[in-house]
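> From first to last, the protein sequence lines stand for chains A and B.
Residue 1 is where the first sequence starts when you use this note's numbering, and the numbers rise one by one after that.
Residue 1 is where the second sequence starts when you use this note's numbering, and the numbers rise one by one after that.
Hint data in this document are derived by calculation from the structure and do not stem from the laboratory.
From the three backbone atoms N, C-alpha and C, an ideal C-beta is built for every residue, glycine too.
Please note that the accuracy of each hint is not assured.
No farther apart than 30 Å at their CA atoms in a straight line, the calculated lysine-lysine pairs in the BS3-like style are these [said to hold, decoys possible]:
(1) B:Lys177 / B:Lys209
(2) B:Lys195 / B:Lys243
(3) A:Lys251 / B:Lys195
(4) A:Lys251 / A:Lys10
(5) B:Lys233 / B:Lys243
(6) A:Lys251 / B:Lys177
Quick partial rundown of chain A residues pointing at chain B, CB under 8 Å, derived from the structure [claimed, not checked]:
(7) Leu152
(8) Gly161
(9) Thr162
(10) Pro163
(11) Gly164
(12) Lys251
(13) Arg252
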Amino acid sequence: MRPTTERGTKRYVAGFYLLLLGGWQTLFSLQLIPDYLFPSPLQVGERLWELARDGLLWPSVSATLMRMTIGFSAAAGLGLIVGVVMGMNRVVNQCLRSLFLGLQTLPTAAWVPISLLLFGLSDRGIYFVIIMSSVAAVAIATSDGILHIPPLHLRAARTLGTPGYAMPLRVILPAALPGIVTGVKLGWTLGWHGAVSAELIKSSVGLGYLLYMGRELNDAAQVLGIMMLTILFGLLLDRFLFGQIERRIRKRWGLTSQG
Amino acid sequence: MQPPAAPEHPPSAEPAPEPTGVKLRLANVSKVFRNNEQTIEALAPVSLEIREGEFVVLFGPSGCGKSTLLNLIAGFDAPTTGEITLEGQRVRRPGNDRLMMFQEHALFPWLNVIDNVTYGLRWLPNFRFRPLRRRRRAMELLKLVHLEEFAHASIHELSGGMKQRAALARALAPDPKLLLIDEPFPALDALVRAKLYGELQDILVRTRKTIVSVTHDSREAACLGDRVVVFTKRPGRIKAEIKVDMPRPRDINDPAVTAYAAQIAAQLEEEPRETHDGKRD
Chain A
1 MRPTTERGTK RYVAGFYLLL LGGWQTLFSL QLIPDYLFPS PLQVGERLWE LARDGLLWPS
61 VSATLMRMTI GFSAAAGLGL IVGVVMGMNR VVNQCLRSLF LGLQTLPTAA WVPISLLLFG
121 LSDRGIYFVI IMSSVAAVAI ATSDGILHIP PLHLRAARTL GTPGYAMPLR VILPAALPGI
181 VTGVKLGWTL GWHGAVSAEL IKSSVGLGYL LYMGRELNDA AQVLGIMMLT ILFGLLLDRF
241 LFGQIERRIR KRWGLTSQG
Chain B
1 MQPPAAPEHP PSAEPAPEPT GVKLRLANVS KVFRNNEQTI EALAPVSLEI REGEFVVLFG
61 PSGCGKSTLL NLIAGFDAPT TGEITLEGQR VRRPGNDRLM MFQEHALFPW LNVIDNVTYG
121 LRWLPNFRFR PLRRRRRAME LLKLVHLEEF AHASIHELSG GMKQRAALAR ALAPDPKLLL
181 IDEPFPALDA LVRAKLYGEL QDILVRTRKT IVSVTHDSRE AACLGDRVVV FTKRPGRIKA
241 EIKVDMPRPR DINDPAVTAY AAQIAAQLEE EPRETHDGKR D
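If we strip away everything but chain A, and leave its shape as in the complex, we get (with noise of 0.2 Å):
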């Protein structure tokens, strides 16, 4: 077989997302299932494009990801700091470690009755599953971070006279950063998640308030475009923002083979 260009791939990705939409058209165009259940792209685009002028998109959009943006830097800040303390302390590693993996297992949703009970109906509860949802992965991979440092950097840090208080910001985190990258990445797919669950049943506006609302009204059309929107913005900041900020800390880390 004859290797693929890069620009060949892309082509091949393009042809297949409209093969896809070209799918969809079709099924819906045989009316196997009622369209009040089954929508059209175009339907779905219509619809999303209503809620766009009547004002109740953007709201929504900017809701959400202005809870994440504030509880996903609580979360990483606080994953951060227990991530170093993990990195630097045995004990504290092994202890924390089963209890974030054993937390990892549980859905991001499973968060939200705790959350409910806990902070009611309020916006804390939502930042309440965020945290709780990204805290761990971010911790874990903090820590993993530091303990796979060279330990070259460790003694050259040490034998230029870095003083026991100014390793951990002048060195360690610094020389743990393409792990810990990795780590925010992953948290803030997980916090997304655990946002837009939140906002399911505990708002009146938001992404997920707009999902509910679609059940509610028996409206498919907007669940289906939400649930797109939910995938574009979450992607969007996982590819283009975290994604470049990775991208480039690995190659000035040296740690990309292919650049």
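Keeping the supplied structure of chain A fixed, place chain B upon it in accordance with the hints.
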């Protein structure tokens, strides 16, 4: 070009330097590594004196304990027996009075070239809150190693030889009492190495550092050392000392260097056959 002005060292309760001019003294230093399964005697008791301004090369086959000895001097490890003193003060832990140039450059990838060089200065009292002073000192050193145009480059943008030169600048910046070099230029091609040997000697003549380096390359030992200390295989002990009496700078391809190298290598050949397995590397 003027040699860069030496930064003053932190005033510490230092006893006066020994009158003999001995900078570093190793007295019966040995190292035994123990773990659950086995005990490895890496280094038999070794005594050695290194004088101010001397370049001493520890030469021997791999596994002879020469790198272990370098780590002991750097303070990364404590000797099992014996004592290491630098200017009369006992070595207990790593410190910036004994800077090490590592086998792999060990530059920090999160800092650019000049920030790598200023890094070690940050912790010296004279430079503590003086970023401008640190930069000036770092630029002097980058000029010395011919990297001034790459001051703001990232580490991954440098070639192998440039990385080693940057590492040298970083190690020289805090003006250590002793420079330790672990296999100066291992992963470089012959041409780059030959050039770097020249540059390194040039820099050393200017800065008059006391240096201990480690190598298993007899040519390198002959080219760089004032004195070459030959170690036997494990447990390492001193087999011979050879004074290399040649003016600097020496060219690695000079026949006289080759002659010395042969003399150094011959010290190992004289070992009884059964103690070495032919592997020198």
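> Hints first: check each against the structure and report whether it holds.
Verification of the supplied hints:
1. B:Lys177 / B:Lys209: It holds: about 7 Å lies between the C-alpha atoms, which stays within 30 Å.
2. B:Lys195 / B:Lys243: Holds: B:Lys195 and B:Lys243 sit about 23 Å apart, inside 30 Å.
3. A:Lys251 / B:Lys195: holds, 29 Å
4. A:Lys251 / A:Lys10: holds, 23 Å
5. B:Lys233 / B:Lys243: holds, 21 Å
6. A:Lys251 / B:Lys177: Violated, because 36 Å separates the two Cα atoms, which is more than 30 Å.
7. Leu152: holds, 5 Å
8. Gly161: OK, holds: A:Gly161 within 8 Å of chain B, min 4 Å.
9. Thr162: Hint holds; A:Thr162 Cβ to chain B Cβ min 6 Å, cut 8 Å.
10. Pro163: holds, 6 Å
11. Gly164: violated, 11 Å
12. Lys251: Status holds, d = 7 Å.
13. Arg252: holds, 6 Å
Consistency with the previously given hints fails for numbers 6 and 11, ordered from lowest to highest.
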